[in-house]
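Please model the complete structure; the sequences and the hints are all you need to start from.
Residue numbers (my numbering), protein chains in the order written: chain A, 1 to 390; chain B, 1 to 390.
Just so you know, these hints were derived from the structure itself, not from any lab.
It does not matter which identical chain is meant; a pair holds if it fits inside one copy or across any two.
Using 20 Å as the maximum straight-line C-alpha spacing, the simulated DMTMM-like pairs for lysine to aspartate or glutamate come out as follows:
| id | residue 1 | residue 2 |
| --- | --- | --- |
| 1 | Lys-22 | Asp-92 |
| 2 | Lys-250 | Glu-13 |
| 3 | Lys-194 | Glu-225 |
| 4 | Lys-250 | Glu-19 |
| 5 | Lys-22 | Glu-69 |
| 6 | Lys-85 | Glu-289 |
Remember, it's a predicted structure, so these values are computed and weren't measured experimentally.
Spelled out from the first residue to the last, the chains are:
Number of protein chains: 2
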Amino acid sequence: MNYAFAERVNHMESSAIREILKVAESPDVISLAGGLPAPELFPIQEIQEAYNHVLGANDPSVLQYSTTEGYLPLREDIAEKMKEKGMHVSPDNILLTNGSQQGLDLIAKLFINPGDLIAVEDPTYLGAIQTFYSYQANFLTVPTDKEGINVDALETAIKLQQPKLIYLTPTYKNPTGVTLSLERRQHLAKILAKYNIPLIEDDPYGELRYSGPVIQPVKSFDTAERIIYLGTFSKTIAPGLRLGWVVASKEIIAKLVLAKQGTDLHTGTLLQRTTHYYLNNSQIEKHIETIRQEYGHRRDIMLKELKANFSGEVSWTEPSGGMFLWVSLPEHFNTVSLLPKAVEAKVAYVPGAPFYAKGGGLNTLRLNFSNSSPLQIQEGIKRLAQLFNK
Amino acid sequence: MNYAFAERVNHMESSAIREILKVAESPDVISLAGGLPAPELFPIQEIQEAYNHVLGANDPSVLQYSTTEGYLPLREDIAEKMKEKGMHVSPDNILLTNGSQQGLDLIAKLFINPGDLIAVEDPTYLGAIQTFYSYQANFLTVPTDKEGINVDALETAIKLQQPKLIYLTPTYKNPTGVTLSLERRQHLAKILAKYNIPLIEDDPYGELRYSGPVIQPVKSFDTAERIIYLGTFSKTIAPGLRLGWVVASKEIIAKLVLAKQGTDLHTGTLLQRTTHYYLNNSQIEKHIETIRQEYGHRRDIMLKELKANFSGEVSWTEPSGGMFLWVSLPEHFNTVSLLPKAVEAKVAYVPGAPFYAKGGGLNTLRLNFSNSSPLQIQEGIKRLAQLFNK
Numbered sequence: 001m002n003y004a005f006a007e008r009v010n011h012m013e014s015s016a017i018r019e020i021l022k023v024a025e026s027p028d029v030i031s032l033a034g035g036l037p038a039p040e041l042f043p044i045q046e047i048q049e050a051y052n053h054v055l056g057a058n059d060p061s062v063l064q065y066s067t068t069e070g071y072l073p074l075r076e077d078i079a080e081k082m083k084e085k086g087m088h089v090s091p092d093n094i095l096l097t098n099g100s101q102q103g104l105d106l107i108a109k110l111f112i113n114p115g116d117l118i119a120v121e122d123p124t125y126l127g128a129i130q131t132f133y134s135y136q137a138n139f140l141t142v143p144t145d146k147e148g149i150n151v152d153a154l155e156t157a158i159k160l161q162q163p164k165l166i167y168l169t170p171t172y173k174n175p176t177g178v179t180l181s182l183e184r185r186q187h188l189a190k191i192l193a194k195y196n197i198p199l200i201e202d203d204p205y206g207e208l209r210y211s212g213p214v215i216q217p218v219k220s221f222d223t224a225e226r227i228i229y230l231g232t233f234s235k236t237i238a239p240g241l242r243l244g245w246v247v248a249s250k251e252i253i254a255k256l257v258l259a260k261q262g263t264d265l266h267t268g269t270l271l272q273r274t275t276h277y278y279l280n281n282s283q284i285e286k287h288i289e290t291i292r293q294e295y296g297h298r299r300d301i302m303l304k305e306l307k308a309n310f311s312g313e314v315s316w317t318e319p320s321g322g323m324f325l326w327v328s329l330p331e332h333f334n335t336v337s338l339l340p341k342a343v344e345a346k347v348a349y350v351p352g353a354p355f356y357a358k359g360g361g362l363n364t365l366r367l368n369f370s371n372s373s374p375l376q377i378q379e380g381i382k383r384l385a386q387l388f389n390k
Numbered sequence: 001m002n003y004a005f006a007e008r009v010n011h012m013e014s015s016a017i018r019e020i021l022k023v024a025e026s027p028d029v030i031s032l033a034g035g036l037p038a039p040e041l042f043p044i045q046e047i048q049e050a051y052n053h054v055l056g057a058n059d060p061s062v063l064q065y066s067t068t069e070g071y072l073p074l075r076e077d078i079a080e081k082m083k084e085k086g087m088h089v090s091p092d093n094i095l096l097t098n099g100s101q102q103g104l105d106l107i108a109k110l111f112i113n114p115g116d117l118i119a120v121e122d123p124t125y126l127g128a129i130q131t132f133y134s135y136q137a138n139f140l141t142v143p144t145d146k147e148g149i150n151v152d153a154l155e156t157a158i159k160l161q162q163p164k165l166i167y168l169t170p171t172y173k174n175p176t177g178v179t180l181s182l183e184r185r186q187h188l189a190k191i192l193a194k195y196n197i198p199l200i201e202d203d204p205y206g207e208l209r210y211s212g213p214v215i216q217p218v219k220s221f222d223t224a225e226r227i228i229y230l231g232t233f234s235k236t237i238a239p240g241l242r243l244g245w246v247v248a249s250k251e252i253i254a255k256l257v258l259a260k261q262g263t264d265l266h267t268g269t270l271l272q273r274t275t276h277y278y279l280n281n282s283q284i285e286k287h288i289e290t291i292r293q294e295y296g297h298r299r300d301i302m303l304k305e306l307k308a309n310f311s312g313e314v315s316w317t318e319p320s321g322g323m324f325l326w327v328s329l330p331e332h333f334n335t336v337s338l339l340p341k342a343v344e345a346k347v348a349y350v351p352g353a354p355f356y357a358k359g360g361g362l363n364t365l366r367l368n369f370s371n372s373s374p375l376q377i378q379e380g381i382k383r384l385a386q387l388f389n390k
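What follows is the structure in structure tokens.
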């Protein structure tokens, strides 16, 4: 049957790279490609205890339909957590979502008409490009450097092109690991207020700090309520739960609740009840510290190995946190066409090009250090060096 | 701040009725309004056992990111279940979703351009109207009678107005409890093939049969692959899990996977693994039989009480299954304006009007019999009779 799909389906692409990376899932390939946390660090026993408690308390409402906003005591937990990060919020400013990806999708649903312009960093999170693209958005890309997005360039772009929305991952960002400096955060908040433009601050990695100072989210400087903040438990508890949240003005939350109602009624009741129990009855701070220690160690190993194996023509970022770093090869390299050769050599990475909303970056690539053991990282970088140093 | 929302936000409405019904949540109001299963029947102990097993098996992948399509062994379970219902499907025809509401939303995303026409029964499921409306669809309503949608009227509407898509709940439907007859199912499948038009068969209540013959889903007659079937565990296991599935051609599933990827990456890994374990290690058939016995009993009580309390001017449906029946009052009644009086009299229902996509039905109302005890049902109908027999 020939289906008459909606216009937006032309904007949903199956990625060729995704297909190649499926091949890379074989156990003899060292994959530095994915964006997975280390499963051996998941607090599986504490999660089991939480499910046991919540399901054993003789309260069947944990399995019943519940409100779209989300479980109030969990929203209270999150509001407290957000206050520690300098945000002035109440539970009414919070909506629970199926991971922060759903937050992104609901915000896109709320703001984007076909043809609307979204300002993004160059490069930016691939999953955000895909979501915005599926709502038929156009992109305006803003250059970034070691201190994150160039805020002056962003201001010029706002003045000249009036984007509808800005999307940013300011902290230990995917894909480069770069963090927006404190000065730029303050400057950015002023610009948002001045031009009355909303910004999505996507912050999945903020808790994963290995060195450098604590930098509060941009939203903590946002006295004018221009920022919609996305948080998630995917990197601090586990991604397979699918639990995230949106922090925004009450007016935006009310609209997001309507959008979510039509989308999937609400996020799982049992999941929210269990997560609330887990947050209040386990040592999550200690658990996050364990993750920090281990990922920080893996980052150090990767940086050391890159230094030992690559010459001055190859450069890379040195992130203070997160799960990724970013490698730039000399201009004549094409990491997309080299990927099958890498997989043949039993190592995988993600080519940088798909992270550029408007093309470019063919000589770049993203490496993940959270999901491989130190030994795998050492061997993986050696295999990449053999490929790229030819 | 004034937000420049997308056009579609004008099509998302907060319902005044929903606000009134929030008041009706107080414990002294007998609510025949909601669409909730009976929580006292949830298999909470078996679900606890399943979580314990899955989380206790020393396999952290149950908490990791997983594929958008869903856990293969669970898709295999569902494919088997669908075969028993006469559908010729493999796991490749199945996508796991966050309840069947998400299936609806993803299908709308896939098919609906602003202004597209959707054919629906009159009345139809309110949540479907809201979802389609949020994609800026227009509606074409087709009359129904005791045997379900009038298939000849549907064919005429297809010829004259060429809708993009048809949405139907053929079995024990929400809101009326009516079931499409076998003859009409066969006829409908032929019409879909002839006019090459896709149909969504929403089947949340199919397992809840209390009397009358087993009638296979329309999709079992759909040799031309025109039907997208929506299933859910919300009524057979528990709605607070949020787990449903789509059955469709491989081409449609591939597109839905792309749409879901941008929407929320995937449905919870732990939830899917646990549900797979539950389905294979508990007596779900016996559990469903328990639900059937109890809901069937509650339906009988409600029908008996209606007969005892209302005269010939009031009529109602006599459903063979599901969770709802439908009451029609004399034309001069307005169930929307009467609702606050009902709540004052400590009984709640859902007015029928919102279930009509293009207006009408002011003298109708929906009653739920699954979520109240027999005593509450008896007392609730008496209170309604006092109100409506004045």
